[in-house]
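Spelled out from the first residue to the last, the chains are:
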Amino acid sequence: MKLYCLSGHPTLPCNVLKFKSTTIMLDCGLDMTSTLNFLPLPLVQSPRLSNLPGWSLKDGNVFLDKELKECSGHVFVDSVPEFCLPETELIDLSTVDVILISNYHCMMALPYITEHTGFTGTVYATEPTVQIGRLLMEELVNFTERVPKAQSASLWKNKDTQRLLPSPLKDAVEVSTWRRCYTMQEVNSALSKIQLVGYSQKIELFGAVQVTPLSSGYALGSSNWIIQSHYEKVSYVSGSSLLTTHPQPMDQASLKNSDVLVLTGLTQIPTANPDGMVGEFFSNLALTVRNGGNVLVPCYPSGVIYDLLECLYQYIDSAGLSSIPFYFISPVANSSLEFSQIFAEWLCHNKQTKVYLPEPPFPHAELIQTNKLKHYPSIHGDFSNDFRQPCVVFTGHPSLRFGDVVHFMELWGKSSLNTVIFTEPDFSYLEALAPYQPLAMKCIYCPIDTRLNFIQVSKLLKEVQPLHVVCPEQYTQPPPAQAHRMDLMIDCQPPPMSYRRAEVLALPFKRRYEKIEIMPELADSLVPMEMKPGVSLATVSAVLHTKDNKHALQPPPRPIQPTGGKKRKRVTDDIPDCKVLKPLLSGSIPVEQFVQTLEKHGFSDIKVEDTAKGHIVLLQEAETLIQIEEDSTHIICDNDEMLRVRLRDLVLKFLQKF
Amino acid sequence: MDPECAQLLPALCAALTDPRQPVADDTCLEKLLDWFKTLTEAGSSLQLLQDSPCLVELLLQVPKAPGLSPRVLAFSLRLAGLLAAQEDCFQFLQGELLPGLFGEAGPLGGAAWTAPTVRSGWIQGLRSLAQHPSALHFLADLGALDTVVSLQGDSSLFVASAAGQLLAHLLGLSLRGQAEGSPGPQVCDWPASAQRIVGHIEESLCSPAAPRVTQALNVLTTTFGHCHQLWAQVLWARLSPLAACLLEKDPVPAAHSLVDLLLSAARSPALSSDRSRWETVAQALGRLSPAHAGPLALGLLTLQDCPQALSAQAFTVLLQPLACVLKAATQAPGPPGLPAGPEGDPAVADALLSSRSACVGLLCQTLAHLELLQPLPQRPAPWPQAPLLGAAVTVLRFCNGSAVPASGSDVGGRLCAILAGCVRVQRAALGFLGALSADTGPPELVTQVFAVLLDYLQSPDSSPTVLKKAFQATLRWLLSARTPPGCCDLDPPTQLLLRELLPVLQRRLCSPCWEVRDSGLEFLTQVVGCWAGQAGFRHALLASEVPQLAQQLLQDPESYVRASAVTAVGQLSSRGLPATPAGPEHPGGPQKSLLPELLHVLAADSEGFPRRAAMQVFTQWLRDGHAEVAEDTERFVARVLQAASRDLDWEVRAQGLELARVFLEQTLGQPGSRCPYAVAAPEAAAPGRVAQALRAACRVQLVEFAFRALFDYDRPVAQKSCDLLLFLRDQAAPWDSLQEARGSPDVASVEAALRRWRAGEQGQPLGPLEPEAVLAVLRSMDLEGLRGALAESSDHVERNPQSLLQDMLATVGILGDNEADCY
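Protein sequences appear in the order of chains A and B.
No gaps in the numbering here: position 544 of the first sequence is 544 in the UniProt record's numbering, and each next residue is one more.
No gaps in the numbering here: position 546 of the second sequence is 546 in the UniProt record's numbering, and each next residue is one more.
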């Protein structure tokens with residue numbers, strides 16, 4: 001059993017598991033932090049960005065100043081943002097049989113894999129995962145396509161050149177494999193390969209293994225996966241949450257008794273408690289708005305935003321914010337808000353019960369009805385007519401490199417009355433802000449990550465007791481910035497196996513059994529013999545039939561009388577050679593009694609020697625040696641077949657035959 | 001016993017022995033016992049029995065009546081014990097009755113004995129009974145001691161504990177019986193019963209079963225706690241070696257009870273001349289686990305007469321967990337550690353790291369102990385203020401993950417993992433840190449204290465309860481940092497803290513969690529209360545948005561927050577720190593008045609807390625002569641009293657009377673802060689002033705308000721009103737006599753209105769009042785009598801024994817009067 005690790009990002013995993021002749025890709029995450037090296041794509045012509053000075057090598061080499069721009073001491077690539085794909089060279093991706101998706105954030109690289117690697121398999125995911133994943137992809141494509149950039153920089157990627165660049169460009173990995181965003185056509189084609197599944201549904205893969213999605217509690221439709229054969233069980237835990245938010249709670253019980261548990265997608269901010277962060281978010285929001293400032297919340301169009309809107313609904317009146325407009329701007333804003341209301345079966349119990357009242361499960365419906373929350377596909381069109389300040393704007397993309405957020409950063413960045421509040425933990429907020437410096441606007445970092453923290457993980461592992469834990473290397477040591485926090489790492493026995501990008505891991509686990517069925521008529525013919533209480537044996541003569549990874553013992557075909565008439569035998573009539581079987585023996589030989597028996601039969605001068613494995617009985621006169629061990633007995637004598645047979649028969653007297 | 005009760009008692013006794021009429025309520029029987037107790041304390045029990053033969057009958061019948069409820073059985077046992085406490089009565093009952101109840105013939109060993117109530121009643125009965133030497137003989141004849149000993153291990157904790165106490169009591173009694181010739185210097189010279197008890201205790205102390213050891217230790221603890229006589233020394237000399245033997249075992253059995261015993265012995269005056277107890281205690285300090293040694297150390301440190309060396313040892317033990325924490329985070333060479341020694345006890349480190357709950361428990365216990373010790377006069381000197389500050393700060397840093405463990409220290413790494421985010425330890429450490437503000441510390445440490453407090457106030461991860469503690473600790477440190485009189489401004493570190501603190505407070509006042517907003521407002525009120533005079537503080541506060549935010553919180557959806565906001569803005573306004581100052585940003589703009597807003601709260605808020613807070617603010621404003629009040633005081637008082645009189649909350653109405661009193665005192669020219677305990681009566685006011693004040697009181701309808709309150713359904717309001725009217729009458733005395741000469745005014749209409757109010761018709765208005773009429777009415781009313789009646793508790797009628805007996809009879813259906821009620 002092997003694990004091929006194609007991504008180095010612990011929360012955007014992409015691993016391939018080879019298990020029992022199947023090749024299963026676990027998630028297909030796309031590392032978008034690479035975009036932080038690029039200049040933002042402004043929706044409206046930005047003189048500030050277009051007038052940034054070019055960057056040149058120390059030797060005055062000027063070819064790079066077209067590609068690289070400098071802003072407040074940082075260097076950015078002036079090109080269409082590119083993404084860091086999972087490894088494609090480590091394993092032939094055309095051999096991947098299935099891809100299992102755990103949540104909508106972990107499927108963003110899907111078009112790159114399904115459309116460009118010869119992939120011919122099936123992708124499994126839950127319905128909300130597919131629908132919301134589609135929205136995220138649609139938004140991404142829209143953000144990058146609606147602002148076409150003439151220039152595409154590639155010279156900086158030259159290895160020799162890259163070495164000369166300042167950090168972080170210098171340290172960026174595998175820049176040559178970075179790719180631009182996919183097209184909508186590729187998205188549609190990739191999504192068409194997905195087969196929808198429901199929680200606890202058992203899916204047979206080629207009869208060899210069974211895969212089952214389980215609720216992971218993190219997002220709408222998010223799943224962990226169980227991959228099991230008859231005797232082995234691998235659990236894949238990715239992006240799970242034990243907090244009570246909108247999705248169905250996590251199913252922990254089904255993860256018990258795993259041989260291997262692959263653990264990815266823990267919280268990215270283990271020191272921040274989501275409740276405290278929500279409090280911080282609202283305090284800062286209220287303070288800014290009361291002072292007449294605007295609040296910008298860079299966010300994804302789905303996920304935590306649902307919970308934030310729900311808190312907002314409860315808090316809006318008490319904080320005196322009823323008159324403040326809240327805007328949600330995204331090409332998929334409308335679909336996201338509406339989709340969230342229709343996936344009732346994927347929601348937590350409280351929200352499910354609302355549906356029977358019937359009420360919309362999320363209160364943002366009421367915010368929209370009362371006009372407190374308004375949503376727009378983009379800043380163009382209706383929004384520009386309705387726009388009132390001070391206001392609160394939720395919009396993407398959280399990297400601040402594309403999307404409507406770029407416009408608001410340019411618009412509000414100059415005033416210290418305004419605040420940008422970061423809630424998505426995927427991007428370093430300081431790096432995200434770098435191309436907007438100098439910035440007068442207040443910046444608040446309130447990352448809300450509801451995924452498991454290390455305390456929860458340690459409780460989970462105690463509860464489910466896997467034999468082995470496999471996790472990204474980042475989880476096996478404290479974060480570099482807090483090297484003394486030994487509590488911020490996975491602590492379990494035996495210690496977890498860690499992996500890093502482009503590594504192949506042999507999982508510490510050997511398959512020892514295979515299930516074989518016996519056909520009823522064959523079973524009927526068996527005559528078991530009890531060897532000791534509770535253990536019976538029978539000999540079986542059968543034909544092993546293997547098809548679709550399923551094994552069955554069938555009665556051997558009856559020997560066909562030679563017809564004589566036909567010279568040529570048909571191949572199908574070929575009968576396996578059935579030799580006359582010797583009976584099987586069992587039991588043990590008590591040495592003392594054996595020696596007595598030998599003496600009774602006329603052997604004298606018998607010596608017994610104890611060896612590590614048993615005994616050697618030495619018949620000195622006959623120059624013969626009988627070696628008795630636990631599972632074998634050898635009679636060694638010189639060419640005296642008579643003697644051997646005599647001795648053999650004496651040995652057999654002590655053993656049972658069947 | 002009054003005749004009415006004597007008349008009812010036989011029927012009740014008969015009912016109690018009738019199993020067909022079960023007593024529904026335990027509390028009735030308890031009350032009945034209380035009554036008998038007062039009767040026996042006041043007079044002769046024998047007389048009582050002779051006057052009420054039904055009681056003897058009851059006690060005779062009870063053991064014989066089959067199927068009687070365990071409650072009645074237990075009651076009878078306790079009653080018998082109560083009566084037999086007097087020796088003559090004991091003699092009277094001894095023949096048949098007492099053995100019938102307490103001996104084999106009684107419930108002992110029978111089916112009823114399975115009920116814990118009966119066993120408990122048996123023990124309590126004996127406990128009451130055992131007051132004289134003859135009782136001891138009785139007990140010996142019964143062989144009761146064995147039963148008491150076995151009941152120490154009873155499944156019911158109440159029974160077991162009572163058995164232990166009875167044993168201690170019997171030991172004392174048997175030795176007290178010898179008082180004439182004091183008990184011998186050897187246990188072998190003691191009476192047989194005492195020797196048996198001591199023998200049993202010795203045996204138990206040597207037992208391998210921990211529960212038995214615990215029982216013996218508890219008996220000894222009770223004994224030393226109550227006994228002030230010399231024989232205690234003999235007992236201690238005999239048994240302390242056994243206690244010391246317990247300390248040799250690993251782990252020490254029944255450590256908790258052993259600590260109690262040692263503390264009881266340490267406190268016992270009877271043992272004051274015995275030095276050996278200190279040796280045992282010192283040995284215990286060294287041997288007990290840190291969790292048990294801590295309470296022992298604290299107990300020793302609170303003693304007045306603890307030897308110097310021992311208290312030093314105890315203090316070291318108490319400090320060890322903190323020393324361990326401090327060491328785990330100190331980079332060598334660090335600041336001086338705690339006197340617990342540089343090495344630290346490895347056992348303490350082990351205890352800290354053994355498990356999360358053990359670590360948290362030990363640290364919380366240590367911090368709480370030190371917090372208790374800090375303000376005591378007998379706390380150890382020199383008090384290691386600086387290392388303790390360092391330790392508290394370090395603990396808090398471990399809890400928020402900012403402490404860096406000492407390099408190469410495993411303890412530090414583990415502590416880091418255990419304490420991160422631990423709310424219990426955070427609360428305990430913040431409480432302790434606040435307590436440490438009573439002493440000063442080195443400036444660099446104070447800076448660290450401020451920094452860690454700010455961290456906690458700023459951190460989004462601080463839970464509301466931790467935040468509240470952090471606010472309290474910050475306030476205490478701010479108050480301790482107050483500059484000495486004569487210096488008009490704050491010291492630089494405090495100013496620095498303030499600069500950071502106000503933005504945090506702003507954010508906290510906007511928190512979605514109401515507890516946080518509430519703690520923020522409370523903090524604001526308190527800090528303004530003591531710092532409003534500091535120019536630096538005033539300037540910083542006015543430059544921030546805090547006052548405006550506080551005012552906005554008057555509209556908060558949570559009533560507690562609204563109440564705190566009312567108090568806060570009231571305080572701000574009193575101190576001249578209004579929400580919208582007339583400053584350069586608002587040139588010439590009139591200051592928005594707060595009074596109408598608070599009046600609106602008083603009149604319209606749906607919850608009581610904000611209205612009460614508003615009344616308190618108004619009273620304070622009136623006392624302080626607040627500018628808005630001073631503009632037109634009478635109108636202000638009239639409006640407030642009008643709103644208060646309609647309020648459904650009695651505390652608001654009572655506060656209204658307080659405000660009325662302040663107003664009267666001011667108009668009468670009395671100093672407001674009269675000492676309520678002053679011996680001399682306040683001097684009466686000058687007649688002219690009285691007339692003026694009375695007229696003003698009538699104008700603002702204060703008199704009508706007070707008269708109405710006199711008939712308030714809530715007794716505290718009526719009492720307060722009564723006091724107020726008495727005050728008014730006494731003040732008006734000189735003028736009163738002048739008035740009498742002029743003839744009596746017409747008071748008929750006033751009295752008629754008062755009668756209607758008394759009858760509950762409160763709707764009727766009083767109409768315009770004349771001061772003369774008011775005085776005449778006051779004179780004619782029996783206010784003193786009314787005050788006396790109001791002073792009686794509201795259930796004084798129901799609490800008399802006659803009522804109790806009637807109630808009990810009614811529940812069993814004996815009283816014919818209530819038959820109709822059953823229908």
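The set of hints was computed from the structure by calculation and includes no laboratory data.
Heads up, some of the hints might be wrong.
[To be verified] In silico contact screen, one side only, chain B against chain A (beta carbon under 10 Å); selected entries:
id	residue
1	V149
2	L151
3	P405
4	G412
5	A417
6	A420
7	R424
8	S459
9	P512
10	V516
11	D556
12	P557
13	Y560
14	L726
[What the hints assert, rightly or not] Partial selection, computed: residues in chain A whose CB lies under 8 Å from chain B:
id	residue
15	Q268
16	S318
17	L321
18	C443
19	Y475
20	P479
21	A481
22	Q482
23	R485
24	D487
25	C492
Cβ atoms here follow ideal geometry from the backbone N, Cα and C, with glycine treated the same way.
Status of each hint after checking the structure:
1. V149: Violated: closest Cβ of chain A sits about 46 Å from V149/B, beyond 10 Å.
2. L151: violated, 43 Å
3. P405: holds, 5 Å
4. G412: holds, 7 Å
5. A417: holds, 3 Å
6. A420: Nearest chain A Cβ about 5 Å off; hint holds.
7. R424: Result: violated, 15 Å to nearest chain A Cβ.
8. S459: Check passed: Cβ of S459/B comes within 7 Å of chain A, closer than 10 Å.
9. P512: holds, 4 Å
10. V516: Interface hint status for V516/B: holds (7 Å vs cutoff 10 Å).
11. D556: Nearest chain A Cβ about 6 Å off; hint holds.
12. P557: Because about 4 Å separates P557/B from the closest Cβ in chain A, which is inside the 10 Å limit, the hint holds.
13. Y560: violated, 13 Å
14. L726: violated, 46 Å
15. Q268: violated, 16 Å
16. S318: holds, 4 Å
17. L321: violated, 10 Å
18. C443: violated, 15 Å
19. Y475: Check failed: Cβ of Y475/A comes no nearer than 15 Å to chain B, outside 8 Å.
20. P479: Result: violated, 11 Å to nearest chain B Cβ.
21. A481: violated, 11 Å
22. Q482: holds, 7 Å
23. R485: This hint holds: R485/A lies near chain B, its Cβ roughly 6 Å from the closest one there, short of 8 Å.
24. D487: This interface hint holds because 3 Å falls under the 8 Å limit.
25. C492: The hint is violated - C492/A has no Cβ within 8 Å of chain B, the shortest such distance being about 14 Å.
Hint compliance for this structure: hints 1, 2, 7, 13, 14, 15, 17, 18, 19, 20, 21 and 25 are broken, all remaining hints hold.
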